[in-house]
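Novice: Since the structure of chain A is provided, determine the placement of chain B on it from the hints.
As they're listed, the protein sequences go chains A and B.
According to our numbering, the first sequence is numbered sequentially starting from 1.
According to our numbering, the second sequence is numbered sequentially starting from 1001.
Incorrect hints may have been included.
As the list claims (entries may be wrong) - In silico SDA-like pairs for lysine to any residue, Cα to Cα no more than 25 angstroms straight-line:
(1) LYS1066(B) <-> ILE49(A)
(2) LYS19(A) <-> SER1484(B)
(3) LYS1475(B) <-> THR1415(B)
(4) LYS1265(B) <-> ARG1220(B)
(5) LYS1074(B) <-> GLU101(A)
(6) LYS7(A) <-> ARG1135(B)
Simulated from the structure, these hints should not be mistaken for laboratory data.
Listed here are the chains, written in short residue letters.
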Amino acid sequence: MISRIDKDHSRFREIVRGKIRKNLRKYISRGDLMSRKGKDTVSIPMPQIDIPRFTLGGNDKNGVGQGEGEPGDPIDGEGEQGQGGAGKAGEGEGDKSLEVEVTLDELAEILGEELGLPRIEPKGSDALDTKKDRYVSLRTTGPESLRSFKATFKRALRRQVASGTYQPGRPIIVPVREDRRYRSWRTEPRPQSNAVIIYMMDVSGSMGDEQKEIVRIESFWIDTWLRSQYSGLESRYIIHDATARLVEREVFFRTRESGGTMISSAYKVCAELIEKEFSPEAWNIYAFHFSDGDNWSVDDTSTCINLLRNVLLPACNQFGYGQVESPYGSGQFIKDIRNTLGEHEKLVTSEITSKDDIMDSIKEFLKGGR
Amino acid sequence: MAPVTGELRDLQAEIQGYADEFGLEYFTQVFEVVDYEQMCEIAAYGGFPVRYPHWRYGMEYDHLVKSHTYGLSKIYELVINTDPCYAYLLEGNSFTDQKLVMCHVYGHNDFFRNNTFFGPTDRRMIDVMANNASRVRRYMDRHGVVAVESFIDVCLSIDNLIDPWAPFRSSHSAPVEGEEEEDGHRLRNVRGYLEDYINPPELIAKQREKARAEKEASKRKVPRRPERDVLGFLMQHAPLEAWEADVLGIIREEAYYFLPQMQTKIMNEGWASYWHSKLMTERALRDSEVIDYAEACAGVMSMAPGQLNPYKIGIELFRDIERRWDMGRFGAEWESCDDLRAKAEWDLQLGRGREKIFEVRRLYNDVTFIDEFFTLDFARELKFFTFQENRRTGRLEIESREFEKIKGQLLSMLTNFGQPFIYVVDANHLNRGELLLGHRHEGKDLKIDYARDTLRNLERIWRRPVSILTVVDDKPKRVRYDGSEVTISDEPAAFKV
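Extracted from the complex, chain B is given alone in its bound form:
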């Protein structure tokens, strides 16, 4: 591994100049040149030089090296959210490619630094991960590789059960319960003399007593209200040895660190692509490089069947926003205009596009980004459709070009980044110390075989039976693992929050 020198260092200085010119705000950018195996190693470690030892990194590495050897894929760029921001360049890439990658990286860097959702992440994560790694190694020396590794497996099995909003709450503890609210047990009564009939005092007293008892009970309940940060909850409440709790904490910390990258995949890649395109075509590109650049760019932007390309949809949306705010195609006046011709010729010459996209990159995540800016015109222009598997032929077929459907589908894919909503409901379920989880069903069932295995892993942490309330084929169900077998039983009602 070596920092860039010579030609590439000059190139970096040149591109940084363009980035400044367009107003990108970035962390100090460090490029390092690595060979392919190093690139695969770093990529397997999620972009970091040192992670705790675990076989899945080896698996990932195996996969990356092989697909490179067979010419199936190639890692162009790798950049991580740290300050200074590290990015890796692949040794032997053409000069044009390196140029493109550098421009792209400055886009990511600016996004990391400015997007709100990256705000709470630790920018010194390289050190944190290295420290985590050395702690895990020490545990392995003390307790054996297999013991620690299999516990890591267990923790990884639940590393998606975190609360995306937790980093934004000032304190992690639940807010203080408000004082006794308005007297809700009394029926509305406009005629004073009927008061005793409509609201008999003894009934009111009884109801109050009941509500108070319920409230008292819920105060003793752990957790007080359904808790999405399952990892955090287990860290505090599960009967873990000190090293186990620490390992669980490490997994949780790293999961929270990677969270914003999952929340802003489309925006982040779109923003970086927007800027590589801008910087390259308007500044950095030389005549002799145009063909190479165009080819590389086309490769990145292509849509393969079965995959949604975040680069493509992201860059197009940013360009669309810029155009709309340049021409004033937004707001009530624009929305309510029914005259198609007026709309086609609509141009208020506001020139606010650039300003707007900088604002969007600061304040939005993928869900809000799509929700707000994915418009009917945009969907039409870019020929979006929904597709579905034809059960008979097993092939994927275009289902519809209805805007509502497309947008609904996109949003449901992005909500909670396609992960289920899982809550800790009760830590003393049935008064037997069992753990009860709830799955808030949003139309899609859990993969049941995976759910079974995950329950087993949860039981390993909780050391008491673990159940989850879910819905299978529209019927409320409870899946329970008692330490020896998994049972599925009916439930009267689905879990709600």
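Next comes chain A alone, as it looks inside the complex:
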């Protein structure tokens, strides 16, 4: 039986989901969810789920407390005070911001529903099967610990009925050796798909903090979505200015380099990475590159296009290029690749002018369902 509180609880979750969906654009563009991310959950501030009442506000926090100390001594936080003091009996309620926790899976689901994202069909599932043993069949031999009492009983009953030794008035069933049945396993293939996201970011001098913030937010949501689609998702991070290198996640989002921009350097590192670690037959590869589109030279751009056409695009499920508008960049790169590779089915490009565009950009990247 479902208990009453479970109903109320699921109703509460439903309301929370509804609110998140309604405010998804706001949450996405503000980007403050990432800082609230735990291991598998995100806590979302949600004051509007509270029931409004006529309550006393006032910005002054004051009250009565108990303990040592002179006037002027702080009572909260680390301090020399003995027992700290104390708030208001009736207050508090309105002051604490209400937060609810949702799992990343739930968040991804909401994102998927809201943006109408198709589920991804993993490629190459045959090659990626893992095998799993499940105890679903019966055998005539086996260890006693796995004896199936029910099946054994049935066999014995059937035998006794057939041989006429069964007495309905005195229904005693005695299994013999041949009646015994043992539980046994069957090996079943279980499709498992491996996926990797390779993030690349331009950290040249023209990419400012705001541009990086946009990249950060967008990566978070892409990550959340893809993670919900694949059980074991790997991520790799590459930063580049005129040269590129593989870095840790933290470095990826924090670094501010300066200098020129040679996008091909990143694409080369990416290609090497795929070749070394992620064979395209075994992996679903997603690559996303974010830049302000201000590449060093026309030559380098054509190197990029060659790399994309011959190496990266064939290997990847999808290659996403997101161009963040920056006051310094020329934004030429996106035009170049659109002109040359524009119709390539695996290439998705998106221009992001401000945080408000992030949601549309995410949709652009993920709507293909690749």
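Specialist: Just chain B now, with coordinates in the frame of chain A:
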């Protein structure tokens, strides 16, 4: 859920014996042992097994289960004001803890039964709530879950707008207007011959006529005088469907039921703590349990920054009263004594302490309790202070140790349990059927964003524009919601009752 058996049943019998010995008067006490999830469920439902369906119980449950999982909090005891009195024990608690909880519960039980403010509450509330729940479920079946639920949201939004004194009035209707009072329009006149000069007959007649007209007008006014039971008023006068009025009534009934618990938080917890301490240390505690008991007790009594611990202040006050009445440290003689040494040695050996605290637990609520027994000596001894936020650093700092300030602050926190005083002023405001409320400003402003949303909810019930008179930053204001937008305008004067 299972009633206590075996060891715990024997324990209950033992503790009940001690409670009898000390003269506690309680309802029949029933303990049930529950696991943690059940405990959270019951706690989310305010201690009751069945409530009407609503998401906020789910939210509360979510919060309780999580904070338990993360080890942030633990519900030790849960007891409700019913006859018989039900209390829940957490399965897996140590024997010492259960003992402590049982002693504590007998204290609460005695308080529920004897405190005047609990007098009007329905002791069969378990049944009432279950009946309410099944009615709400029926409405949900008929009108849809969302429709009923969102109406409940609206009602909950105003469930603090009730009149704490209503349960104590014999009849709810306003008292009959007294007959024409003394002729107040006449100026005092000691020399008879000047009468016509001082009180010209035509002026007197005119004034009388005016006063009579005013009175007639006020007789037709609804409500006749500002009404604090906003929920009750809306039930009678708002254009509600039958089921809506019933739901509003359910919310109101349950709000009134929980009211005395808010009015006596400090006393109730203080009384229960006083008795667990007494029964444990003087009777029930075994040598091997002392450490565990002391630790549990210290946890309950600790003062965390940012919170006033009602257990602590309550138990200390009861102990202080007992001591003072034992030693005769009260009354005019004691108050007027200026000799500090005489005061320090003051002991009349009256031994009336126990008697006094039983009387106090019967007759007082938190406000009167603090007002009467929170003394200068007590505040000094327990090192009370007021604190305030330092605007510059954002930290809370000790503001003062002045007794008047501390007591004033405590009382203002407790008055109307920290809720604003809101009245229905006029149900036909501007002769347009608008609802006018008044907020009696006592120094603190309303939270304006909450007020806006509450007005929206009120409009949903009243179906006409709703306004409230209040004060914002020392200026009288009117906040009005007309069904499409909220406006704030100036008012000539603040609302007074």
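Novice: Of the numbered hints stated previously, which ones are contradicted by the structure, given in increasing order?
Specialist: 4
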